Every structure is written in structure tokens, then in C-alpha cells.
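Novice: Chain by chain, the residues:
2 protein chains.
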Amino acid sequence: MVAFSSNILDSRSEYRTETELDDALKEPTTRYFAIAQGKLVMRVDGVAPEGLLAAPDLAAMQPQNADAVLIGWDRDNVAFIAMPVAIEADDLPEMYKAIDTRSVYRQALLTEEKLGAYAQGTSLVSWALTNRFCGTCGCAMTPKAGGYRRSCQACGHNVFPRTDPVAIMLIVDEANDRCLLGRSPHFAPGMYSCLAGFIEPGETIEDAVRRETREESGIRIDRVRYHASQPWPMPHTLMIGVYAEAKSLDIARDTVELEDCRWFSRTETEAMLSTALGQADASAPPPGAIAHRLMRDWLDWSR
Amino acid sequence: MVAFSSNILDSRSEYRTETELDDALKEPTTRYFAIAQGKLVMRVDGVAPEGLLAAPDLAAMQPQNADAVLIGWDRDNVAFIAMPVAIEADDLPEMYKAIDTRSVYRQALLTEEKLGAYAQGTSLVSWALTNRFCGTCGCAMTPKAGGYRRSCQACGHNVFPRTDPVAIMLIVDEANDRCLLGRSPHFAPGMYSCLAGFIEPGETIEDAVRRETREESGIRIDRVRYHASQPWPMPHTLMIGVYAEAKSLDIARDTVELEDCRWFSRTETEAMLSTALGQADASAPPPGAIAHRLMRDWLDWSR
Numbered sequence: 009m010v011a012f013s014s015n016i017l018d019s020r021s022e023y024r025t026e027t028e029l030d031d032a033l034k035e036p037t038t039r040y041f042a043i044a045q046g047k048l049v050m051r052v053d054g055v056a057p058e059g060l061l062a063a064p065d066l067a068a069m070q071p072q073n074a075d076a077v078l079i080g081w082d083r084d085n086v087a088f089i090a091m092p093v094a095i096e097a098d099d100l101p102e103m104y105k106a107i108d109t110r111s112v113y114r115q116a117l118l119t120e121e122k123l124g125a126y127a128q129g130t131s132l133v134s135w136a137l138t139n140r141f142c143g144t145c146g147c148a149m150t151p152k153a154g155g156y157r158r159s160c161q162a163c164g165h166n167v168f169p170r171t172d173p174v175a176i177m178l179i180v181d182e183a184n185d186r187c188l189l190g191r192s193p194h195f196a197p198g199m200y201s202c203l204a205g206f207i208e209p210g211e212t213i214e215d216a217v218r219r220e221t222r223e224e225s226g227i228r229i230d231r232v233r234y235h236a237s238q239p240w241p242m243p244h245t246l247m248i249g250v251y252a253e254a255k256s257l258d259i260a261r262d263t264v265e266l267e268d269c270r271w272f273s274r275t276e277t278e279a280m281l282s283t284a285l286g287q288a289d290a291s292a293p294p295p296g297a298i299a300h301r302l303m304r305d306w307l308d309w310s311r
Numbered sequence: 009m010v011a012f013s014s015n016i017l018d019s020r021s022e023y024r025t026e027t028e029l030d031d032a033l034k035e036p037t038t039r040y041f042a043i044a045q046g047k048l049v050m051r052v053d054g055v056a057p058e059g060l061l062a063a064p065d066l067a068a069m070q071p072q073n074a075d076a077v078l079i080g081w082d083r084d085n086v087a088f089i090a091m092p093v094a095i096e097a098d099d100l101p102e103m104y105k106a107i108d109t110r111s112v113y114r115q116a117l118l119t120e121e122k123l124g125a126y127a128q129g130t131s132l133v134s135w136a137l138t139n140r141f142c143g144t145c146g147c148a149m150t151p152k153a154g155g156y157r158r159s160c161q162a163c164g165h166n167v168f169p170r171t172d173p174v175a176i177m178l179i180v181d182e183a184n185d186r187c188l189l190g191r192s193p194h195f196a197p198g199m200y201s202c203l204a205g206f207i208e209p210g211e212t213i214e215d216a217v218r219r220e221t222r223e224e225s226g227i228r229i230d231r232v233r234y235h236a237s238q239p240w241p242m243p244h245t246l247m248i249g250v251y252a253e254a255k256s257l258d259i260a261r262d263t264v265e266l267e268d269c270r271w272f273s274r275t276e277t278e279a280m281l282s283t284a285l286g287q288a289d290a291s292a293p294p295p296g297a298i299a300h301r302l303m304r305d306w307l308d309w310s311r
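Those sequence lines, one after another, are chains A and S.
Just so it is clear: in the first sequence, position 10 is 18 by the working numbering, and no numbers are missing.
Just so it is clear: in the second sequence, position 80 is 88 by the working numbering, and no numbers are missing.
So that you can see chain A by itself, here it is in the shape it has in the complex (with noise of 0.2 Å):
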């Protein structure tokens, strides 16, 4: 199972009426993912299930309705709000701490199927603060459809949620047995993972996965095989996984993007995978990411 994938939260996207989200509001059973500055305001005193907030929780933390997403109702019928607050998280009383995204996920402060609610909600809320003015005439939009549209006043344009697909590719040598993994100078200290790019407007998957590792690995690959996929909420993005086959193996790395690049074997691979981060010289990314199943998947399949 790859992170953020668990959400059971029934989105009701295309059937939505203009009051729900006020309703929802007015409710006190409903739910609040608070998100200040891009992190999840979680109550860390233990008196909340999952440290998920309530109305009440809000009212000090200049809640920004006007931007805020209804994400969906749960099997119970409580709805789950996304909701942009201002306070900045130096300045939330004690009970309350403002918590990245990343560390959210890799700490399993939620459950699976919180964190996938979570996901959704935080994406949609990034996309609806950088979606506050109308980009064809800069007059303000306004939210429809509990949050899942936005809609310009005065010209009319309609903005919907941004989901931005990365191809993530673990490019194998079969005849050595090999798969070419790199680091990012922004990488955790030891850190491998595979390389990635995003799609852009006009190329398949596939074309991109050619593109992406000729420029950042000088490597020509053959056949590209699709794997699984993983939102990734950081802001936005669909990751797509896939095993692409090398036909050359000299790299040429882009010094730029990568700090380095090179073939593991199989031995390696294996003692990166069950290695913690910044126990070994080389270490692979934490279950639940993309890449780190492409690697076990790649390992366990090929035996």
C-alpha cells in the first residue's frame, strides 16, 4: 500500500448544491483538517480522537471560510472540512501544534484512511489559495460546488481542482541486474530514489519517462511498463510509477538536478530498502512512498 491512497471519504464531487458547504459548517459534528501556512494544525493534548478539530478548536485560528473545501462525508454522514486558517503556527495556544505534511505521513500521526481525507483536503486547499484572483482577469473568484470549482464574477471563468502528473521511473539493466537510482541535492543525507519529472502538456507517459531520464541521466530507454500510481500532496500531484527498460548504460548526469546518479545491484538495492534513513551510506525513501515500492516490487518480482 502506498500512502494517501486510503481515502474512503465519498467526495459527492459532481453532485454538489451551493449550500452544503455552509451546512456543513453550521454542523457540530463536522470535522476540520486546519491547514496554516501548508501545515496540519493537529490538538496535541489527547482529548481529540486523531487530534481532529472541531468548530470550537477554530475559533481563535482566523479560520478563511471563503476558501475553505468541503472534501466529502465518511460512512457516518460527518462531513470533513479543509479549512485555511491565519494564525501562524508560532502563535496557536499549547494544545495545538502545526505539523508538515511529510512528517504527518512518515510519524502516522492518521490513520491510512485519515491520511488519504487529509491528502485530498490540503491539495484542494493549495490549489484554492493560488486560485483567489481569476488568472484571465485578475478580478476575485468565488467558490461553488463546496469548494470544488472556482468561478470568476466578472468574466465568467471557471477554475477546477489542479492534479499535476509526475512520471517516476525505476529504469532497469536486466542483462546486469541493475536499476539507476539518484540523488537530489535537496535529498535527505544518503538518500536514493528514483528519478522523476513532471508530464507536460502535449507528451504521453511514456514520451516524458524518455525525455525525463535522457536529460537528467543521458540513459535511452526501450519498453516502459506501468506499475501503480500515488497522489502525493505536495501540493498537487499524481505520481506515476513504472520499470522502464535501459537500451544504453553510460550516464551523463544533470549536475544541476542531481548530486549523483548510478546503477545499484540487486544486493544493494535490498540492504538500501532495510536500511533506516541515515543509518548506511546509502539508504532508499520510507515505505509508503512510490518509489520504495517500485524498488521492493522490482526486487521481490524479478527473483
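For the record, the hints were derived by calculation from the structure and aren't laboratory data.
Note that this is a predicted model, so its numbers are computed, not measured.
Errors might be hidden in some of the hints.
Not the full set, but computed from the structure, chain S residues with beta-carbon under 7 Å of chain A [as the list claims (entries may be wrong)]:
#, residue
1, Asn139
2, Phe141
3, Gly146
4, Thr150
5, Ala153
6, Thr171
7, Pro173
8, Ile207
9, Pro209
10, Glu211
11, Thr212
Sample of chain A residues at the chain S side, in silico, Cβ under 8 Å [as the list claims (entries may be wrong)]:
#, residue
12, Trp135
13, Thr144
14, Gly146
15, Cys160
16, Gln161
17, Gly164
18, Gly210
19, Thr212
20, Glu214
21, Tyr234
22, Pro239
23, Leu246
Even glycine gets a Cβ: it sits at the ideal position worked out from N, Cα and C.
Position chain S against the provided structure of chain A, taking the given hints into account.
Specialist: Just chain S, lined up with the frame of chain A:
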């Protein structure tokens, strides 16, 4: 081969300098896709190869240099620019004609390679025109990197080209050797196609397939298998084509989205693919559409 997928221009998108677009605008060999309200302006007097435009053609069309995008360079180092023009299609001189993207593709007015480059160009121009103002603060955006990025001088917010991933699925009832197709009220008369829908933030591809299929047809999905992808430049979509195994068979159609939705036998599907649009009770999308390819490959592979 699916349409729009054969762009061979080198975009060098990650290595752009701030002078390349201006340099290309001054270079007489540069070729232009002039785009008038979303339509491609082509020369129809037979003078220019493939109807492509050069700088003198643009003079009377009110070119909008600030929203132009340098798409890339061909093998001979000729630059291609997608240039929005403000002239109304009806006001064009007689030697030009503005043609919608769907017709450019269906009538094969460009070679596959030029069609792919145009797909990228028109997607980028659509994105540029809807990002003239900053969504965060409402101020004017300035194009950077040959139009591959737009940046706000006031608040520093950057936006990158947008690609909207859509899941498109051929739903197969394996036990009875049938596939599920639907028709939207805005389809050409008699045309049926695969169900499809935008992937939302926070969803995997597979979750989106299950949700959209359930919403539109009431059918529950078992296994999902990726097949192929296609850029679809209306305005900037990435079609992700999959096969989805039905695990329920009773259709509960979404009567708003779909005018009809039903199971088609192998024989019926074969007949639809070989029927020209409008010449029979039911027809399929044309060759080049990923829905056509999903249907064709299902017939060929499971024989």
C-alpha cells in the same frame, strides 16, 4: 498510434534562457502556430508547406507576444512558437482560415509530428491565457523561460504549465465477452465511447476509475489494467487509458452525464469500429482517439 503523440521537437524546457523567445521571434526561419480564440490559423492558398505561418503572416493578426510560448526546435534547429492572435477568425484575410483543433486532427491537416507539436503549443497557450494574472494576489504575471513558466512580479508566485489527467476506461464483462460504452448528449449522433473522468487531487488512477465508473454507470470494478496514454489538447488533458474488469453488471446510468449506457458484444463493437460516423445506429470514436484504440486492442488481443 494515437493522435497528438508524435511531437519530435526538442523543448529543452528545463534549460531555457530568458532571451531564447526573443531571439526566436527575430529569426526569419521561425515557424508559428497562430492561435485565434483556440483555433489554428493556417494558410490555405497552398503557398506555405503544411499551411505553417512565418513572421510576415502574423503582421495583420494582432499577435500577443506576451502570451507566446516557444515550443521547441526541430532537427534542423528551426524554432516553433505558439502565438495567440487577437484578430477574430472572421476578420482574417482570405488566404488564411482558422480551424478548430478537432478538425485539424480528424481531417489530418498536419503531419503526425507537426500535430504533436501543435498539441503542445495550443495547450501551453490555453494555459498562458488563463494565467495572465496571479491567482494568489491578482497582479499581472510575466512569462519566463520562453513561456514555460509565469511569474508574479508583485508576490513572486510561480505557475507552471497545467496538464489535467483524465482516466478513460474500457469496462469489460469477461464472462459474457462484452464491453460497456456510453454516449454523452454532446457526442455526434450515434457515437458511443468509453467512460471517462478527471482524476481528482488525492486519488490514485485506479480509485478514479472505480469512482467515475460507479458514478456514471453504477458498475463496480474489480481489476484495473493500464494500457496507453494520449495527450489531448482541448485544452491540456492527459488521457490515461485502462481496461477495467466489471464485477457487477446492472447499469444505473447517470442521466445527467449520459444519454445512454449499455453493454456491447464483440460483434457489435467490431461493427462500430468499421462504421464511419453517422452511417449506422452506433459508431465509435475515430482512429487516433484513445477510446478507439482501447476498443480495437480489446478485440485483437482477446481473440
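Novice: Against each hint, give a clear statement of whether it holds in the structure.
Specialist: Evaluated hints:
1. Asn139: holds (4 Å)
2. Phe141: holds (4 Å)
3. Gly146: holds (4 Å)
4. Thr150: violated (13 Å)
5. Ala153: violated (12 Å)
6. Thr171: holds (5 Å)
7. Pro173: Check passed: Cβ of Pro173 (chain S) comes within 5 Å of chain A, closer than 7 Å.
8. Ile207: This interface hint holds because 6 Å falls under the 7 Å limit.
9. Pro209: Interface hint status for Pro209 (chain S): holds (3 Å vs cutoff 7 Å).
10. Glu211: Hint holds; Glu211 (chain S) Cβ to chain A Cβ min 6 Å, cut 7 Å.
11. Thr212: holds (5 Å)
12. Trp135: holds (7 Å)
13. Thr144: With a minimum Cβ separation of about 5 Å from chain S (threshold 8 Å), the hint on Thr144 (chain A) holds.
14. Gly146: holds (4 Å)
15. Cys160: violated (10 Å)
16. Gln161: violated (13 Å)
17. Gly164: This interface hint is violated because 12 Å lies over the 8 Å limit.
18. Gly210: holds (3 Å)
19. Thr212: Constraint on Thr212 (chain A) satisfied, holds at 5 Å.
20. Glu214: Nearest chain S Cβ about 7 Å off; hint holds.
21. Tyr234: Result: holds, 4 Å to nearest chain S Cβ.
22. Pro239: Pro239 (chain A) check passes; min Cβ-Cβ to chain S is 5 Å, inside 8 Å.
23. Leu246: holds (6 Å)
Consistency note: the structure conflicts with the earlier hints numbered 4, 5, 15, 16 and 17.
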